[in-house]
Each structure stands twice: as C-alpha cells, then as structure tokens.
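Just so you know, the sequences run in chain order A and B.
The opening position of the first sequence corresponds to residue 1 in the numbering used here, with each subsequent residue numbered one higher.
The opening position of the second sequence corresponds to residue 1001 in the numbering used here, with each subsequent residue numbered one higher.
Errors might be hidden in some of the hints.
What the hints assert, rightly or not - Here are some chain B residues the structure puts well away from chain A; computed CB gaps all over 10 Å:
id	residue
1	1007
2	1008
3	1009
4	1011
5	1068
6	1069
7	1070
To be verified - Subject to a maximum C-alpha distance of 25 Å in a straight line, what follows is the list of computed BS3-like cross-link-like pairs (lysine-lysine):
id	chain 1	residue 1	chain 2	residue 2
8	B	1012	A	107
9	A	253	A	304
10	A	253	A	235
11	B	1012	A	111
12	A	23	B	1012
Everything labelled a hint here was simulated from the structure, so no lab data went into it.
Ideal Cβ positions, reconstructed from N, Cα and C, are used throughout, including at glycine.
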Amino acid sequence: MPRIGVFVCWCGSNIGGVIDCPKLAADAGELPGVVLSTEYKYMCSEPGQNSIIQAIRDHRLDRVVVASCSPRLHEETFRKTLARAGLNPYLFEMANIREHCTWVHNKEPEKAQVKSLALVSRAVAKANLLEPLFPSSIPMTKRCLVIGGGIAGIQAALDVADAGHEVILVEKEPTIGGNMVKLDKTFPTLDCSACISTPKMVSVSTHPNITLYTYSEVAGVDGYIGNFEVTIRRKASYVDHSECTGCGDCQTKCPTKVPSEFNLGLSTRKAIYIPFPQAVPNKPVIDAANCRYFTTGKCKVCQKICTTEAIDYEQQDTVITEKVGAIVVATGYQLFDWAAAYGEYGYGRYPDVVTGMHFERLVNAAGPTGGKIQRPSDQSEPKTVVFIKCVGSRDPAKGKEYCSRACCMYTAKHAHQVLEKIPGANVYIFYIDVRTPGKGYEEFYQRTISDGAVYVRGRVSKIYQMGDKLVVRGSDTLLGRPVEVEADMVVLASAMVSSSGIQDVARMVSVQVDKDGWLQEAHPKLRPVETHTGGVFVAGSCQGPKDIPDTVAQASAAAAKVCGLLSREELATDPMISTVNQAICTGCGLCVPACPYQAVELKTITERIPGHAPRERTVADVNSGLCQGCGACNVACRPGAMQVKGFTNDELVAEVDAICL
Amino acid sequence: MSVAPETVWEPKIIGFFCNWCSYAGADLAGVSRINYPPNVRIIRVPCSSRINPYLVLRAFQHGADGILISG
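Start from the sequences and build out the full structure, keeping to the hints where you can.
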C-alpha cells in the first residue's frame, strides 16, 4: 500500500481566505492511502518545500499530493522537491484548488470546500496508482538551420556560427540581405543601411561554419528537437556557380529587360542577373520565365559570352537533405498590398503615389536615380511631398488592426531627407498618432519638425490627379477642418505584413500563425523567441512588425537559445509518453493511423517460449522522440496494451471514480 | 449522497480538459476571477484524444449528471 502525504497550501489568502484549509487537510487524511495530511501558508516557498522533504523522510512517504495552484504553474517546482528528497519526481500529483476552485467560487465558500475535497480525492486516487517514471535521452545533432537570409537570419546565423556550431542558411532569393539592404539610411542615426549590412552578408559567405543556400527553399521538415531532417530544394539558376567568376559580362549582353525586383520596378534588370552589385553570392541566375532562350528556344548570348562556360541551360532543381538539431525561422515581412485596398488613393494608377520602400530606392545613392529624389512619372524633382502614415496599419476596415511600429520613424527620416536634398521643399505628413518609442527616436522626430516638416493629424480621404499635380484631400482633426494639398509626390507608409509563404513554413515546422499572420511565440513576454515546437525558434519580423534594432536583438536572442540547446550532448525526453505492453499487443495496428505524429509503427518481434519453437509476431512500437503523449493510440488500443505513462487507463478510471463521489 | 427534499437539485458535471488548451483556459478563468457554478469538477488529460468513451460511461455510472469534454 502506498504511503501518501497530502499537503494543502493556503496560498496566503488566495485559498485560505475562501476555504478552511485545516479542515480540508483533516478530511483528506481520511482518504485511502493517506498517512499524513497537513497544511501550510505557502507550500511552494523554501520552508514549504523543506517541510515536504522532511515529511517524506519522517513518515516514509512514497507518494506526494499537493493541493494548491495549477500544475501548469508549479508541477515542475514540486517534482524537483521530490527529487531533492530522493523520491522519483513522477510520484507526485497536484490538486488545483486555486484556479479551478477558490478563485472562481469565492462567493460560495461552502460549495468550494466540498469541491476542493473532491479535487483532492481525485489526486489521491491517482497518486495511489502512480508509478516511477524515468526520462530517456535522445542524441543532439549540433547543427542549426536558419530559414531566411534577411538581417534577422544573418545575425542569428553569424551568432550561432561564431559560437562554433555549423549553420545552414537558406534564402529563397538569389541573394541574402532581405529588406534591410534595400534601405537607404537607417533611423535615428542615419547610418547607411548597405554600409552596415553588406559586411555582415560577406561574413556569412566567408564564415567557415556557415553553409549558404541561396535561391533555395525549405521543402520539408521531418523529425523533432535535436534530430530534424530538412529537405531543401535548390532552384536551378542555370549558372554553374563553381565555374562562374561573377564578371557580369552575361548580364551586360543579355538582350531581355524586365522590371527589377530589387528596385521595386523603378528600373530594369536583365533575364540573367545579379540582383544588385553587392549581392551575396555575387553570381548571376537566369530568370527562366523571361529568358529569351527558354521562351523562344533561340538566343544563348550569355553562353557565348561566358569565358568560363558556366552557363548550363540543362541544369535542374536539386533536392538535398540536411540533419539539424535546431531551426530558426526568420522569414521577415513584406509590404501590405495597399493598391488593392485603397481605391481612394488611386488603386496604384498614379505613378507618383509610391510606398516608403520605393522612396528608399529613390533616395538611395546606389538606387535607380543615383540618390536624386525624382517623380517616377516624369523624373522631375518634387517640390511638395505628402507622406501618409498608417496605410493598412491601424485600419481594421481595410487592412490590419495592428501598428507596424517602424513607419512613424522612417517617415520622419524620409521627411528629413526630402528637406535636406530638395531646397525649399514642402513636406506634409498625415498621421493618426506619432509613436516614437526607442532610443533617440523622439529626438529625431522633434528634429524633423524643426527642419520644417508639417505634421497634420488626420486621415487622407482622397488622392486625385489634376494636371501634373496630385491633389491630396484630408482632414485636420486638431483644427477640425478639411485640408487640401497639391502635391508632386505622395509616399505611403504601407503596413508590414508577414511574408507570403509563411503559412507553408509554419506548417512545415509546426508553429502556429496568429490572427494577423505572424508566427506565434511561446509566450509574449517570457519566451519571446521560442515556439511551442521544441527546437524551433523565431527571429525578426516573422513574429511581428519590428524595426532593425529589435530584429537584431531578437535574432541574437534566438541564437543564444540555439547555442544553449546545441551545447548539450543529449536531450532528456518527457517520460509521459505512450508505451506498449508487447505481451498483450495483438498487432492489430489501429494505433498506427490514430497517431498524429507518426510515432507508432508496427514491428516484428521473435518470441521465445520455453518448450516451443521461436515464433514471430507483429506488435506496435513507439518512437519516443516523436511521441508527444497525446494518448490517441491509448484510446484506439482494444486490448489495453498501449498506455500513456502518467495517464494510464487505471489512473484515469480511479480519478473518475474519486471525483464523482 | 442523500438529497434532502427541500434542497435544490444541482447537477454534478465532470469535465475532461486538454492540458494544452481548455485546462489552461480554466486556469485563465481562475486568474481572471470569472465566477462559474461550483458543480463542475475538472480532470486533466494530455489531449482530448485521450478520453475513452469508457471514462464517460464510468462517470455516469458513478453519479455524474453531465460530462464536459473540451479540447
């Protein structure tokens, strides 16, 4: 017969202020198997835990029940207490008499008293049947996959690689760098964005611990923490990068021009192209959809011009697999498709209504205009520029409910750049609120106002073309009157939204996507870079809109978590998973399709019974690395061979019987 | 349990709650101090797929008036 100790916690007045804890302890003392039942003000405190340890020794307890808060809060705490007393930590059960009783029934203390005894009886009934459990261990693959080569992915990859672990960085575009490398200057210090990001890109390509796969996508993720197997599809670039020297002759001679993605259509590129001069790797790819040879069967100019014979029109997509122990998702953001949602701003018909990202390219010295701010329509210098903030952000009717966080600051920066580069320019900024939470941000905003930017509080209701001017009509809600500005150019601070394809990535790595399409972190405050899937971490704006400092900080945080994981030789697994009693398993296989994690397989065993010839039999087998302990197989199993440890049939039946009394 | 004739009959409801969602939801109800009638008693399961029909029938046999499965 087990010797159970029951410890009732007052939790100050949280429990003790509603029910009579000494009475509960006395009543619990009558339950079968209980040899000691006591109470204390704070069971989780140091003296509380020590009293449990002392009681285990004094009363030779071999099962412990604590009646206090939710096991989701303190189960781990008390398991460690048992371990300190030399008891198996799984010989412990909790009765949740705070969250599920006194906190919600504080107006009915008498009924709460009855219910708390029922909850304690349930715990005691289960405790009678608890078995010691032992975690097993799984090996750790000391390599990390980073998905996405923007600044978040770059930072995470470099930090993990610098710590001495191998990193595989996968980027779908032909170059790493992401959105940051397109930017001109970064607020509030006005550092040149390319000058601070391109050296990091080079570090990635030259780091001995980093394997870079650009123009590649993750096609599948199998396995579990410490033991992922990742399938990566490398898209055919039709250029043998081991032969190519990156001289660029091919893109000079290529006859086909298409709009440049890197410059957001403000300039053209060739069908064989390096996205921008500082691209990493600095080798071209052929855009087969637009290549004259691929579309008409004639051309091959690039092949003729290439002195190293690197052009290979026969190249095919290749699929490779890599084993890793941890995954960082850093897939970033893209801009909200404002043209589809904001008809009043012209549905994208007016060429001089552009997004902030277009403006970044226009003001960038390496951009299509060489850094001269010009109207896309006629290349003239705009004298009056209107900025509209929150286009798609904070607008649940047309776009997203959330704030995109970076727009207030980059708009202030754009205003500053217009006023600096165009003498006598007029700048109007329509805003809802100005939000500048960050080091040096408010100071920068105030400087923009003193530079001469006019902030108008209100939304813009319409933009229309009149001659070569854009008439911007809105309201000034501070003055309570309509405003009309004749602008030469309008820049929209369009919302950040999650990258297209995030759903596919999320499904592959089993991470939830929130209502706005961002990846869900494990806890918004205390576990900001972890996810609910072990070994998968998030970095940067795939988790929510962010500016560069926050992105880099989060990427380093994710890298620190990865390093912590990869520093271990093996991982302890939760022992509360399914187990098969092969002696009574009939091999019917019903558990195999019931398992959502593909953790159950059938295998053949050889039975040797004395006096009989050895015979082969099919039985179920659980992969302890994959099993999550949900118990679907347990329910499917007819002979009761499959049991979730810690939630066995006998234990649950005992709980039902006790709680019904 | 004997029921005195003048007392109002109260149903006894047994809840089977998934540890990862509704059990945490019941915790949240507690943290938020959302009062609800005390005649529901919760059993924690690792997943709603762990609930055998047998457990439901067993609860009815032992005096439960209603079963709440949530997951």
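Hints, verified against the model:
no.	hint	in the structure
1	1007	holds, 12 Å
2	1008	holds, 12 Å
3	1009	holds, 14 Å
4	1011	holds, 12 Å
5	1068	holds, 13 Å
6	1069	holds, 12 Å
7	1070	holds, 13 Å
8	1012(B) <-> 107(A)	holds, 19 Å
9	253(A) <-> 304(A)	holds, 10 Å
10	253(A) <-> 235(A)	holds, 23 Å
11	1012(B) <-> 111(A)	holds, 12 Å
12	23(A) <-> 1012(B)	holds, 23 Å
Every hint, counting from the list given before, is met by this structure.
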